[in-house]
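Chemist: Sequence:
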Amino acid sequence: MSESLLSSRNLAFELYEVLDAEALTQRERFAEHNRETFDAAIATARGIAEELFAPHNRKNDEHEPQYVDGAAVLIPEVEPALRAFHEAGFLNATRDFEHGGMQLPNLLSQACFAHFQSANIATSSYSMLTMGVANLIEAFGNDEQKARYLQPIIDGRFFGTMCLTEPHAGSSLSDIRTKAEPAADGSYRIKGNKIFISGGDQPISENIVHMVLAKLPDAPPGVKGISLFLVPKFHVNADGSLGARNDVTLAGLFHKMGWRGTTSTALNFGDNGECVGYLVGKPHHGLSYMFQMMNEARIGVGMGAIMLGYAGYLYSLDYARNRPQGRHADGKDPTSPQISIIEHADVRRMLLTQKAYVEGAFDLGLYAARLFDDTQTLATEEERRKALELLDLLTPIVKSWPSEFCLKANELAIQILGGHGYTREYPVEQYYRDNRLNPIHEGTHGIQSLDLLGRKVSMNNGAALKQLMALIQATCQRASQFDSLDRLRQPLEQLVQRLGGVTLALLGDLLAGKVNQGLANSALYLKAFGHAVIGWRWLEQAIRAEEGLANGNPADADFYKGKLQAARYFLTWEVPSCQHELNILEARDDTCLGMHDAWF
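FYI, full-length UniProt numbering numbers position 115 of the sequence shown as 115, with every residue one higher than the one before it.
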């Protein structure tokens, strides 16, 4: 069994020892599942990812899509990989049985999809976006939109995109200029330009369903004036057959440093005044609808960052075990055999850092997936609401923390390979380039930090934050039953306690109208908050590892000891370092805020 995508033992640990996936089968929706069906889905995903996605990952990078006669041309290996993905049911893994789905928990769907993200992030992105569009239409579309567009998406015939960004506005969606004019037949005529649209054109699917943000003629200013429109590449007739080409033009392709196999497009809507779109939901509510897809995409980007970090970690680990070079620091005999570089302490430091980052983030990503299941299937509305609050709070962390620190893991993977690491003969440089896009995808660190500190921590009088703090406190209490975990638990408790005080002080600034001051160093807040969350997840893993050593299979002892060592590294090396960020936040340091344009 290949371990090039992710560790199968670690995945089983997460699903069945940490996150208790089997408990989900006690809920009515998942009652027909058990561990055997879960493992069968994972094995199928691993097989397709290894056989059809991983082999063309490098070719995707070397032969990126080309703009030919107004259309995007891809390498031929992409289509059969995506067809196999769809035919195996992974596009609809969480959908009802009667609608052709597997009715899997989201936790298992994410665990399966992680294999495809690790194997080939560019090819897997087409399916990630399509799943988001299907969920968006299902949630907010009318019956006709569902009949004409949702079912073909579910069947894998149509793909989907999200069209937000415009050349002049970037991430500032309040400034978009794309217009939607009402037509006599109840449809709208869309006119505008969108850029960086992943999957905006490709030759694989019969049709592409674009979800487009635009403004009606009577729209109020800002984000409150944004509406959502469904704009197909080809018109769809009442009988489901395809009609003529809609007035959507591929203006060109962007050529990125990573994810090169995913078309990144500039699209023109309505160059000829005939781009037909259909309003989704109510006028001027488009951004609130789109946030469903954006939040799904943010978690998807976070998981993609994790899996690219994971792939780099596993490759550099294998390399370190098999690359002989040098001798121990106390080895004086030049005629003695060379040792594998994993025997060198600094290489172990770099591998341990990678393990702490990627396995900590992997745990958080799957925890978020299980939280989503809770929002849908817990017994009471109150329980489901609390789960949704916690998921909303954690979403900026799930997106941004892995995008920063799993990228650092990729950097360390390159370092371990030395001079070979930055050559294209080895995959770690591609993992780094692919992952470098994720700190920007779906909202930069700065945007996520403003969302976290400026909105999420104070939601509903801080209900989600209080819930998180109670969960961390409960984990620390459980950890106190193990003497061996005292030195791991204490730095986390110290960070969380101080983070709580700093949070209250910063929120006080915001309430007092000192918004610029309060949010000036929000990126540092995101790091400290993220480290506290990952530290919590590592302490949970450490508890399970101690239990595994006491009660589990003796053959797993090395696995559990590795978990404990990684937890020790993160909680005693990384977590205390955040006191520096808290010092700056506590002092309301204005070094960056006070810098003037003219001084640069």
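Some hints here could point you the wrong way.
To be verified - Only pairs whose alpha carbons sit at most 27 angstroms apart, straight line, appear in this in silico DSSO-like list of lysine-lysine:
1) Lys386 with Lys527
2) Lys408 with Lys561
3) Lys408 with Lys466
Rather than coming from a laboratory, the hints here were simulated on the basis of the structure.
Chemist: Going through the earlier hints one by one, which of them does the structure break, listed in rising order?
Modeler: Of the numbered hints given earlier, the structure breaks just one, which is hint 3.
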